[in-house]
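Participant: Residue numbers (my numbering), protein chains in the order written: chain A, 1 to 79; chain B, 1 to 79; chain C, 1 to 79; chain D, 1 to 79; chain E, 1 to 79; chain F, 1 to 79; chain G, 1 to 79.
Don't take each hint at face value.
Residues from chain F that face chain D, not an exhaustive set, calculated with beta carbons under 10 Å [said to hold, decoys possible]:
1. VAL5
2. MET51
3. VAL56
4. PRO75
In silico BS3-like cross-links for lysine-lysine, where the CA-CA straight-line distance does not exceed 25 Å [what the hints assert, rightly or not]:
5. E:LYS25 to C:LYS25
6. F:LYS49 to G:LYS28
7. D:LYS49 to F:LYS25
8. D:LYS57 to B:LYS49
9. F:LYS57 to G:LYS49
10. F:LYS18 to D:LYS49
11. C:LYS18 to C:LYS49
12. A:LYS28 to D:LYS25
13. F:LYS57 to D:LYS28
14. G:LYS58 to E:LYS25
15. D:LYS58 to D:LYS28
16. B:LYS49 to D:LYS49
17. F:LYS49 to D:LYS28
18. G:LYS28 to F:LYS57
19. G:LYS25 to C:LYS25
20. A:LYS18 to B:LYS49
21. A:LYS58 to B:LYS58
22. C:LYS58 to A:LYS18
23. D:LYS57 to F:LYS28
24. A:LYS25 to G:LYS49
25. G:LYS28 to G:LYS57
26. E:LYS28 to E:LYS49
27. B:LYS25 to B:LYS58
28. B:LYS28 to B:LYS57
29. G:LYS58 to E:LYS28
30. E:LYS49 to G:LYS28
To be clear, the hints were calculated from the coordinates, so they are not data collected in a lab.
All figures in this text were calculated on a predicted structure; none of them were measured in a lab.
All C-beta atoms, glycine included, are put in the ideal place defined by N, C-alpha and C.
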Amino acid sequence: MVNGVERPLDLLNQSKGKEVMVQLKSGKEFSGTLLAFDIHINVVLDNAKEMEEGEVKKSIGLTFLRGDTIIFISPSGGK
Amino acid sequence: MVNGVERPLDLLNQSKGKEVMVQLKSGKEFSGTLLAFDIHINVVLDNAKEMEEGEVKKSIGLTFLRGDTIIFISPSGGK
Amino acid sequence: MVNGVERPLDLLNQSKGKEVMVQLKSGKEFSGTLLAFDIHINVVLDNAKEMEEGEVKKSIGLTFLRGDTIIFISPSGGK
Amino acid sequence: MVNGVERPLDLLNQSKGKEVMVQLKSGKEFSGTLLAFDIHINVVLDNAKEMEEGEVKKSIGLTFLRGDTIIFISPSGGK
Amino acid sequence: MVNGVERPLDLLNQSKGKEVMVQLKSGKEFSGTLLAFDIHINVVLDNAKEMEEGEVKKSIGLTFLRGDTIIFISPSGGK
Amino acid sequence: MVNGVERPLDLLNQSKGKEVMVQLKSGKEFSGTLLAFDIHINVVLDNAKEMEEGEVKKSIGLTFLRGDTIIFISPSGGK
Amino acid sequence: MVNGVERPLDLLNQSKGKEVMVQLKSGKEFSGTLLAFDIHINVVLDNAKEMEEGEVKKSIGLTFLRGDTIIFISPSGGK
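So that you can see chain A by itself, here it is in the shape it has in the complex:
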């Protein structure tokens, strides 16, 4: 079920192309498809949406998120 997660970045690698939930230090949450990440945890999300209480607050579309603003990235989408 959670095979192959030897290092934290392995989870991000397995999550490429999948829907993820990203929570930021500012308290904001974004959902979107994880397209890319790097060792700084900079990520690119496609179809990014700012979420609030499980509802879409704003559509952002394709976006680059700077790694040092991120608290967590969850491929299970907060479920």
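Go by the hints and put chains B, C, D, E, F and G onto chain A.
Facilitator: What follows is chains B, C, D, E, F and G alone, placed relative to chain A:
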């Protein structure tokens, strides 16, 4: 549509010369044409405009933005 | 009882596969099974749950937590 | 018009000897002549003036500004 | 009395196995037995207790504390 | 008038032995004679005085100031 | 009087074994005898006392202070 984004900086590279929306940690948002970026995510925007609720609040013109102040950069302009 | 903890990361290594409590700088607390960590203290938790006053507030599931958001990680689960 | 800005620091290099507007993370704004900068975005301004709502609030004169306090540097002076 | 403290980490080394008081940037204080530390000042405490006004507020047990959250570590326990 | 400032640290070098005004991120301002600095912008001031509205609030004397707390250093003393 | 301070750390070196006043980013002030320091400005104070308005608020004793929490270190003790 989102071809060639292997690493996060690939998206910034593809966005050169295009209109982007930049959100800062301070909460401010800038739109402008992305002219240049580096690995620190320092960017140069041309015709930068500070935005508020989708309206132009202030025109800044050509500007250098320090990377560590940035939350996200979206080539889709928040749409 | 606490054998083999020569360096701080030894404790994280011994805690792999076990339930841990993670407290963040934001004040939030997460419990979950520690699957992986790296030298930046980035961690992956399985079955992560946001906790409040010892109660489950929200289930997050499998998640990547960025190391620089963490205050402490306790394998004894706050007990 | 914006020739030769391949990298963000190129804009700072082209702005040497010109009037720039510098906005700080603290919210303060300084205008002055850009004399020097380095890769940390530390800058030296001559005839620096703290600005508020487009008015000179305080004259600082020759000054060294630490790079990690800066949000943006605009050679177009906010116009 | 304070022999052998040539460098700051020497004090932490001498404090291994002893009760220490740790104050965090968040204002919280933890007491516990110092088991391990590294150059980032990440530490492992055994029998960690969150303290408030000299009283035990909460028992945490064995815990890993991230170094960048720490203000001071005192082997004299605040006495 | 401002000869020889090729790099930001050149200004600090020229200011050695002179009165400088230092503004901190905390909002505090110190005046004093600049004795030394390093690449982290750590500085030593002699006869340091905490200033408030142009008045001496407190005399600190000889002091080491950590670089990452500094916004600006002005040899013109805010005049 | 202030001989031999070529670099900022020279002042800390000259202050070893002497009483110093340390002000933290949190606003707190500690006085104590400087026993050791390193390039991160981590310091060890002996007989450390938390000070408030020139009065001893709390005795801490021997303590390790993490460098990134420090604003200034003054061997003249704020006098």
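Participant: Against this structure, judge whether each hint is valid.
Facilitator: Taking the hints in turn, this is what the structure says about them:
1. VAL5: holds (5 Å)
2. MET51: Since chain D brings no Cβ nearer than about 13 Å to MET51 of chain F, farther than 10 Å, the hint is violated.
3. VAL56: Violated - the Cβ of VAL56 of chain F stays beyond 10 Å from chain D, reaching only about 18 Å at its closest.
4. PRO75: With a closest approach of 6 Å, the PRO75 of chain F hint holds.
5. E:LYS25 to C:LYS25: Since the Cα atoms of LYS25 of chain E and LYS25 of chain C sit roughly 9 Å apart, the hinted pair holds (cutoff 25 Å).
6. F:LYS49 to G:LYS28: Holds, at about 18 Å.
7. D:LYS49 to F:LYS25: With Cα atoms ~18 Å apart, LYS49 of chain D and LYS25 of chain F stay inside 25 Å; holds.
8. D:LYS57 to B:LYS49: With Cα atoms ~24 Å apart, LYS57 of chain D and LYS49 of chain B stay inside 25 Å; holds.
9. F:LYS57 to G:LYS49: Given that 25 Å is the threshold and the Cα spacing comes to 23 Å, the pair holds.
10. F:LYS18 to D:LYS49: Status holds; Cα separation ~21 Å.
11. C:LYS18 to C:LYS49: holds (14 Å)
12. A:LYS28 to D:LYS25: holds (20 Å)
13. F:LYS57 to D:LYS28: Holds, at about 23 Å.
14. G:LYS58 to E:LYS25: Holds: LYS58 of chain G and LYS25 of chain E sit about 18 Å apart, inside 25 Å.
15. D:LYS58 to D:LYS28: Status holds; Cα separation ~11 Å.
16. B:LYS49 to D:LYS49: Measuring from Cα to Cα gives roughly 23 Å; hence the hint holds.
17. F:LYS49 to D:LYS28: holds (23 Å)
18. G:LYS28 to F:LYS57: Within the cut-off at roughly 18 Å; holds.
19. G:LYS25 to C:LYS25: The given pair, whose Cα atoms are some 17 Å apart, holds under the 25 Å limit.
20. A:LYS18 to B:LYS49: violated (34 Å)
21. A:LYS58 to B:LYS58: holds (23 Å)
22. C:LYS58 to A:LYS18: Distance of about 21 Å is within 25 Å: holds.
23. D:LYS57 to F:LYS28: holds (17 Å)
24. A:LYS25 to G:LYS49: Violated, at about 34 Å.
25. G:LYS28 to G:LYS57: holds (10 Å)
26. E:LYS28 to E:LYS49: Given that 25 Å is the threshold and the Cα spacing comes to 11 Å, the pair holds.
27. B:LYS25 to B:LYS58: holds (18 Å)
28. B:LYS28 to B:LYS57: Judged against 25 Å, a Cα distance of about 10 Å means the pair holds.
29. G:LYS58 to E:LYS28: Given pair LYS58 of chain G, LYS28 of chain E holds - Cα atoms ~16 Å apart, limit 25 Å.
30. E:LYS49 to G:LYS28: holds (23 Å)
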